[in-house]
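Note that the protein sequences, when read in sequence, are chains X and Y. For the first sequence, counting from 1, position 43 maps to 43 in my numbering; every step adds exactly one. For the second sequence, counting from 1, position 532 maps to 532 in my numbering; every step adds exactly one.
These are computed hints drawn from the structure, not numbers from a lab. By construction, the Cβ of each residue, glycine as well, lies at the ideal position given by its N, Cα and C atoms. Certain hints may be false.
[Unchecked claim] With a straight-line Cα cutoff of 25 Å, these simulated BS3-like cross-link-like pairs (lysine-lysine) come out:
#1 Y:K3 <-> X:K17
#2 X:K61 <-> Y:K238
#3 X:K4 <-> X:K17
#4 X:K61 <-> Y:K282
#5 Y:K106 <-> X:K139
#6 X:K139 <-> Y:K53
[Claimed, not checked] Chain X stretches covered by chain Y per the calculated footprint, using a threshold of three residues with CB under 8 Å from any CB of chain Y:
#7 53-61
#8 89-99
#9 102-115
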Amino acid sequence: MKVKKTDEIKTLNENWKRALADYQNLVKRVEAEKKEFVRFSNTNLLAKLIPVLDILDLADKHSSDPGIKMAVAQFREVLSSENVQEISPVVGDAFDHELHECLETLPGELDNTVAELVTTGYKIDKFVVRPAKVKVYKKLALDK
Amino acid sequence: MAKIIGIDLGTTNSCVAVMEGGNPKVIPAADTGRNVTPSIVEPVKNLVGDVAKRQMILNPKNTIYSIKRLMGRKFTDSEVKRTTDMVPYKIVSGKDNMACVDVDGKVYTPQEISAKVLQTMKAHAEAYLGGSVDRAVITVPAYFDDSQRQATKQAGEIAGLKVERIINEPTAAALAYGLDKKNAHTVAVYDLGGGTFDISILELGDGVFEVKATNGDTHLGGDDFDQQIMEWIINEFKKDNGVDLKKDSQALQRIRDAAEKAKIELSSTTEVEINQPYITVKDGQPLHLNLKLTRAKLESIVDDLIQKTVAPVKACLKDAKKDVKAIDEVVMVGGMTRMPKVIEIVKNFFGRDPNRSVNPDEVVAVGAAIQGGVLTGDVKDVVLLDVTPLTLGLETLGSVMTPLIERNTTIPTSKSQIFSTAADTQTSVEIHVLQGERPMATDNKTLGRFILDGIPPAPRGIPQIEVAFDIDASGILKVSAKDKATNKVQHITITNSTNLDEKEVERMRKEAEAHATEDAEKKAKIEIRNQADSLIFTAEKTLKDAGDKASDDLKKPVEEKAKALKDILETGTKEDLEAKSKDLMDSLQALGSAMYQQPDQTQTPPTDQPKKEEGKPEEGEVVN
Numbered sequence: 001m002k003v004k005k006t007d008e009i010k011t012l013n014e015n016w017k018r019a020l021a022d023y024q025n026l027v028k029r030v031e032a033e034k035k036e037f038v039r040f041s042n043t044n045l046l047a048k049l050i051p052v053l054d055i056l057d058l059a060d061k062h063s064s065d066p067g068i069k070m071a072v073a074q075f076r077e078v079l080s081s082e083n084v085q086e087i088s089p090v091v092g093d094a095f096d097h098e099l100h101e102c103l104e105t106l107p108g109e110l111d112n113t114v115a116e117l118v119t120t121g122y123k124i125d126k127f128v129v130r131p132a133k134v135k136v137y138k139k140l141a142l143d144k
Numbered sequence: 001m002a003k004i005i006g007i008d009l010g011t012t013n014s015c016v017a018v019m020e021g022g023n024p025k026v027i028p029a030a031d032t033g034r035n036v037t038p039s040i041v042e043p044v045k046n047l048v049g050d051v052a053k054r055q056m057i058l059n060p061k062n063t064i065y066s067i068k069r070l071m072g073r074k075f076t077d078s079e080v081k082r083t084t085d086m087v088p089y090k091i092v093s094g095k096d097n098m099a100c101v102d103v104d105g106k107v108y109t110p111q112e113i114s115a116k117v118l119q120t121m122k123a124h125a126e127a128y129l130g131g132s133v134d135r136a137v138i139t140v141p142a143y144f145d146d147s148q149r150q151a152t153k154q155a156g157e158i159a160g161l162k163v164e165r166i167i168n169e170p171t172a173a174a175l176a177y178g179l180d181k182k183n184a185h186t187v188a189v190y191d192l193g194g195g196t197f198d199i200s201i202l203e204l205g206d207g208v209f210e211v212k213a214t215n216g217d218t219h220l221g222g223d224d225f226d227q228q229i230m231e232w233i234i235n236e237f238k239k240d241n242g243v244d245l246k247k248d249s250q251a252l253q254r255i256r257d258a259a260e261k262a263k264i265e266l267s268s269t270t271e272v273e274i275n276q277p278y279i280t281v282k283d284g285q286p287l288h289l290n291l292k293l294t295r296a297k298l299e300s301i302v303d304d305l306i307q308k309t310v311a312p313v314k315a316c317l318k319d320a321k322k323d324v325k326a327i328d329e330v331v332m333v334g335g336m337t338r339m340p341k342v343i344e345i346v347k348n349f350f351g352r353d354p355n356r357s358v359n360p361d362e363v364v365a366v367g368a369a370i371q372g373g374v375l376t377g378d379v380k381d382v383v384l385l386d387v388t389p390l391t392l393g394l395e396t397l398g399s400v401m402t403p404l405i406e407r408n409t410t411i412p413t414s415k416s417q418i419f420s421t422a423a424d425t426q427t428s429v430e431i432h433v434l435q436g437e438r439p440m441a442t443d444n445k446t447l448g449r450f451i452l453d454g455i456p457p458a459p460r461g462i463p464q465i466e467v468a469f470d471i472d473a474s475g476i477l478k479v480s481a482k483d484k485a486t487n488k489v490q491h492i493t494i495t496n497s498t499n500l501d502e503k504e505v506e507r508m509r510k511e512a513e514a515h516a517t518e519d520a521e522k523k524a525k526i527e528i529r530n531q532a533d534s535l536i537f538t539a540e541k542t543l544k545d546a547g548d549k550a551s552d553d554l555k556k557p558v559e560e561k562a563k564a565l566k567d568i569l570e571t572g573t574k575e576d577l578e579a580k581s582k583d584l585m586d587s588l589q590a591l592g593s594a595m596y597q598q599p600d601q602t603q604t605p606p607t608d609q610p611k612k613e614e615g616k617p618e619e620g621e622v623v624n
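Next comes chain Y alone, as it looks inside the complex:
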């Protein structure tokens, strides 16, 4: 079935998203690669987005922005009057006294202008999806009345889109956060965008989203913040240099960019340097703009703007007849909600951390796409592929947990690895299936164990036992072990490999983090011990092979040192084991090279114990 795209048709910027493989994906603009497109239109030359923005100053009367403010409103509407005073293009009264724009003598309805933006979003989606798109879900502010919603729907139709649904922006945001899947909820959506501020209280229950109340300020947003920062910069410069940069359009442009950049940077750092060399010339001498702006200073510059959001929030709660305590969740929308001070104000007001894990510029489009997915059945019927919440593995020599399937692997999946025996003539191996993040087997959860026997006696490290883990889509883990020599197989099926409850998973993960260092040390010690054990084994084997071909002078130190190492194998510290292993290794090498220098001595190392693998083979290591 054809996809339904979700479009956030914004006052300043628009954004489009689509469901893909069960997940929402924001579609970047084909020309700029950015995820948002300015809602700016030049209808005569049919320019939309960044290209329209570039020629805005050249053609101020032909370039339409903030058209959303006129959508479905009468010419006499107070909001239309306010917009008329603000924009350079001409707003006229059209059919039925509706507000329209006049460009070069031709009258365009807000629907037609918005349609051009929607068309562009549609084109971006088509370029991305590689096919035609003709259905969409479009979002509108919660306060839009029927006529404004109708106008938005018409805009979609003009753009060649069947508008499957018009949904409220705060509802889309709640959808994007998956709040519908949780229990009945009262949610506050705080949306501070480029040009407008909206606050809505939603009631969620049984898949129904009800907007209890909405409030806001249609002329408050990021642009106002930039403007105040610019003014501060200009004043500071004037104080220092006696030059008013307001009169210099070139300088103004650079300051505007610098102000926005500083604002964005101060969301992640506490101090920025605004550096614009050669900003202007005074008496033939170049002047440089060099200012420090701290986060605290920025907050004081824009404090009045942030405080302006508080009154609408209070009013909204009052309208919704809700107490602050009744709000279960606060969701942040709009780029300005990245500002730490905004987050702080919201947090202090509601007494809880606002939810802001979804990109605030994209959250509304994402919600619209999810709604689109619900309508196509994509979301309902989609096979939700689960992931393994914890690592699955098995115990190997020295109680080490060897992972086979790492946590967060999407299932169904399978993985196999070859292991070997730990002792000579070992005829059975125990497969101990584990789940968890800790390096030591005992610290993890045992899912099951079984024994594979009937392995033909052979020196350690020689048998090849293939262990395979296979988890199907419902999380059922099947572990099998096969001896490659005899093809003998044993297996076990574990049904509850993924259904740990959330708390259990969280606890195990936390434990793993808390014990990381101590575990690593423990594991390192065991590795050293395993190596030492292997070394002793090799030494004994070499001594046996050497027989009387090597002198006692050489054999004796090996014997002694091997014994010394063996004595401390279980009890020695990591350092002792390392030191004694090195001692033994040195003597062993001396013995080894002496043996090779013997005339008439066959050079073939013992076939079952290749020399290069000295100290290597052990259970738990991949043999091939």
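Chain X with its partners taken away, still in its complex shape:
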């Protein structure tokens, strides 16, 4: 009987410590998740805003109004002040699946290099908010 009680106490003690530990771990995770959450919520907002910047960029390309240029510049200033970096590979850069998304391939000698930047990508630190959308050169001979 006594042995049974001792065993029970041991189990209860263990369970209790486990619960305490679980709680401690939860506290730590909540902290970490809070930081993550801020990053994700920023990212979500950015992911919605960036397409608007794309359109402004297009508008700038098609218009000679310097006002649009100013608007685009201001938009970018805000982004960079929030630590958002552009991903804008230039022609000849190697295609990087971490940062780029291939929309289309074009015949070209320099296999697997960027042929054209279609839309700029954005990242915060290492976290890619949206990859840069690019066209990529592909040697035709290899295709067949």
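Assemble chain Y onto chain X, guided by the hints.
Chain Y only, in chain X's frame:
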């Protein structure tokens, strides 16, 4: 014991979940933060998920998607043939004539490709849990035969996972909805995902899940819906502008995104604007895509696709030898089941509202995680922490219910608050323990009452009585009241504080909602009355303290107004009480300031009635 994760290994997307503290938790991908990962693999560079998807167009022959369609099938299988026509990568006949893929001259089995997806899911779980994970429950469609199940199990083993169980997707969905805990059931699981449609009829009883019949369309899903919306957009644009956007890959990409976005938005709104400025250029002039799409229009565009699900449902019921009326529950799985039209079709067919409270993208993984929990004993042995279904509190001055423990608080828990007396020289207080959501004590349920006496006589508001509520894990509520001056304690134990039956709880909650406004008014009136009562008390006290130090000119209005207020205290309307209280307050202030301006007058306000608390202390208010 190490955790067992649950993995939904899907045709288009995969998802992983785990039991945590008795509840299933869907694990977000470490790199994207999203809860689902595309089931896309580039085996040469070992890319999985979104990164593999990004280079899909660049390396179409190396990028394997929809591998689930090949799982455990012979090369000659008709489904394999159909897939061969659909995908750009090369499908070959491997060992034992099984379908395999050839990437850059190297042959991979579907198991190896799936293993890479599973490995990624495992890694996400490990990153989240902060430890190694080596056991899993993996789901498969109900129609998977033994060889396909075997192949899925092998994929898990290649990924370094001990596959504790392979379970059917519809079974997982039923588990996620907790249908196993209800009575014997016949359940229909309607699963419209990204690329496939499945309908299954399950029979549940005594923890046994039996798939009675299953049917579906292996080439019907959200992607087809997107495709039809895209075509509509392209046609509309052509009609308006005479330009075929199909030839413009850049524009096509934007339209694809816009189509999916519009489809998703139209599940919650009835009209969206598809707005893509500068979509293309005609004769040097930029053209903009600007279309309105209503929900009704969308429904007509994709109607044929939705109707295509009806025949398999009928066939499935026939196979299961069940009548529509025999179905006790309909469960929705897959992102497409968010579409109101899909819900409507299902509702009309089965004559009941489908159950869709669990996220349809995650429900299968959640069910797999629950199964994992059952296997580790997590679910069986887990201490199910209960919650208090209704608020617990006590009655304070004016029959007001003052809550101490709000409803839905996880128990065990305890809470204490300090109260005081309502009258001078009050030597006992009655603690009336209440349960319910209504602001007035009488409208709630009395759980018990007791009296704490022996409080030393003191002016109202001075004694400090600490009331503590403590509910233990089994729902037993102990209420104690302690006079802080004498340390005298009284308590009561109430055993049935949480076990109201469901109907009772529901009724009380409904009542609370229905009476919300009227209750609020009632409570406001009582608060005003309590304040007025306090004010009269202060006025009388001030008059007494003033004695002959203040002139009758000042004292008289206070006396009169205090009496006027007292007369209407029980009968007056809220407005009257407010007006008369204000009158009294003005005169009282005049009297008060006159007293302070008196020379040689001690400035100390009555020690037992600090001036700043004028009109404040009352039973039921926290004194400190």
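Consistency of the hints with the structure:
1. Y:K3 <-> X:K17: Status holds; Cα separation ~19 Å.
2. X:K61 <-> Y:K238: Between K61 (chain X) and K238 (chain Y) the Cα gap is close to 24 Å, so the pair holds against 25 Å.
3. X:K4 <-> X:K17: holds, 20 Å
4. X:K61 <-> Y:K282: At roughly 15 Å apart (the allowed maximum being 25 Å), K282 (chain Y) and K61 (chain X) satisfy the hint.
5. Y:K106 <-> X:K139: At roughly 21 Å apart (the allowed maximum being 25 Å), K139 (chain X) and K106 (chain Y) satisfy the hint.
6. X:K139 <-> Y:K53: holds, 21 Å
7. 53-61: Holds: 4 residues of the stretch 53-61 of chain X have a Cβ under 8 Å from chain Y.
8. 89-99: holds (count 3)
9. 102-115: Coverage by chain Y holds for the stretch 102-115 of chain X (5 residues, Cβ < 8 Å).
The structure is consistent with each of the numbered hints, conforming to all of them.
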